[in-house]
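Protein chains in written order, with numbering that gives the first Met the number 0: chain B, 0 to 181; chain R, 0 to 141.
Hints may be right or wrong, so weigh each one.
DEER-style ranges, computed between Cβ atoms [what the hints assert, rightly or not]:
(1) B:Gly-102 x R:Leu-87: 45 to 51 Å
(2) R:Phe-92 x B:Tyr-101: 39 to 45 Å
(3) R:Leu-87 x B:Leu-97: 52 to 58 Å
(4) B:Thr-94 x R:Leu-87: 26 to 32 Å
(5) R:Leu-87 x B:Ala-79: 46 to 52 Å
Simulated from the structure, these hints should not be mistaken for laboratory data. C-beta: ideal position from N, C-alpha, C; glycine also.
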Amino acid sequence: MEALIVNALLALMMVSVVVLARTRNLFAVIVLAGLYSFLMATVMVALDAVDVAMTEAAVGAGVSTVLLLGALHLCRSEEAKPAHKPWLPLAVTATTGLVLVYGTWDLPAFSDAEAPIHKHVAPRYLEEGPRETGIPNMVTAVLASYRGYDTLGETTVVFTAGAGIIALLRRRRRSAADKEAP
Amino acid sequence: MTRDMVLRVVAKLLIPFILLFALYVQFHGDFGPGGGFQAGVIFAAAMVFYAVIYGLDNARRVLPDWLVESMIAAGVLLYLGVGFAGLLLGGNFLDYFVLDPEPVAGQHRGIFWVEAGVAITVSGVMLKIFYLFAGRGTDGEQ
Chain B
0 MEALIVNALL
10 ALMMVSVVVL
20 ARTRNLFAVI
30 VLAGLYSFLM
40 ATVMVALDAV
50 DVAMTEAAVG
60 AGVSTVLLLG
70 ALHLCRSEEA
80 KPAHKPWLPL
90 AVTATTGLVL
100 VYGTWDLPAF
110 SDAEAPIHKH
120 VAPRYLEEGP
130 RETGIPNMVT
140 AVLASYRGYD
150 TLGETTVVFT
160 AGAGIIALLR
170 RRRRSAADKE
180 AP
Chain R
0 MTRDMVLRVV
10 AKLLIPFILL
20 FALYVQFHGD
30 FGPGGGFQAG
40 VIFAAAMVFY
50 AVIYGLDNAR
60 RVLPDWLVES
70 MIAAGVLLYL
80 GVGFAGLLLG
90 GNFLDYFVLD
100 PEPVAGQHRG
110 IFWVEAGVAI
120 TVSGVMLKIF
130 YLFAGRGTDG
140 EQ
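Input sequences plus hints: build the corresponding full structure.
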């Protein structure tokens with residue numbers, strides 16, 4: 000039943016991607032991208048990854064849709080016809096996709112408990128985690144305690160992204176104001 | 000959009016619950032799904048919702064630019080502060096066991112402040128990106 004739901008959602012995502020690629024109206028494209036994110040979030044819920052689903056719904060479907068609408072405010076709402084036929088990019092994308100599919104053949108089966116990744120440190124986290132940290136949610140215990148360094152790095156990446164956006168967009172706004180002033 | 004009565008009333012009803020859910024995800028992250036990143040993102044989404052309905056100027060009045068920019072740095076500094084607190088109390092960097100005489104309570108304390116730091120930075124960055132995007136070319140009005 001779960002596999003059926005996930006496959007139906009993935010099929011819907013495929014349809015939305017094909018429609019998205021063929022649509023020229025950018026407003027419709029943004030709405031379709033939001034739809035795609037919501038479908039992805041639902042897939043995450045079906046796979047029991049509720050925290051990932053929350054992030055996907057809030058960032059992918061919520062905030063980034065609003066950001067894209069804000070960007071659309073600054074440009075024309077109809078995509079220009081491409082100057083060239085897209086055969087070369089299409090070939091590159093198809094080849095990369097095929098290589099990636101070929102790579103998945105070597106992966107362990109989905110949710111295989113015997114996969115190497117579940118044999119390394121995971122058993123220790125599961126056995127000792129609740130006693131050592133006193134926290135029932137294993138994800139939080141690993142994320143904030145066992146892998147505290149990684150999470151510090153991730154937070155720094157988010158910080159750097161914010162600093163980069165400030166550096167890029169603020170300067171342009173000020174230079175535009177400078178042009179108007181004299 | 001600022002004159003649309005239905006949207007304004009519905010937004011006013013929904014936003015407190017979204018903020019409450021963000022707090023729940025933050026503080027219940029030890030037991031249920033969620034944590035600092037999710038809570039920060041949901042908090043930022045609630046503020047973006049407010050700005051879309053009531054206008055960017057009103058949102059800037061609730062959370063001014065200087066506060067949002069301070070949040071971006073404050074979260075990382077809080078996280079680093081937990082790490083250095085571990086050092087000062089005689090442990091390793093980001094060692095939570097020494098934060099409290101009882102090791103498990105120390106873990107709880109360390110994870111609490113670390114998650115708080117993540118939430119503060121994430122919501123600050125999200126809001127700052129939104130402010131900068133929405134403020135371009137339109138002088139703040141959506």
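Results of checking the hints against the structure:
no. : hint                             : in the structure
1   : B:Gly-102 x R:Leu-87: 45 to 51 Å : holds (47 Å)
2   : R:Phe-92 x B:Tyr-101: 39 to 45 Å : holds (42 Å)
3   : R:Leu-87 x B:Leu-97: 52 to 58 Å  : holds (55 Å)
4   : B:Thr-94 x R:Leu-87: 26 to 32 Å  : violated (55 Å)
5   : R:Leu-87 x B:Ala-79: 46 to 52 Å  : violated (59 Å)
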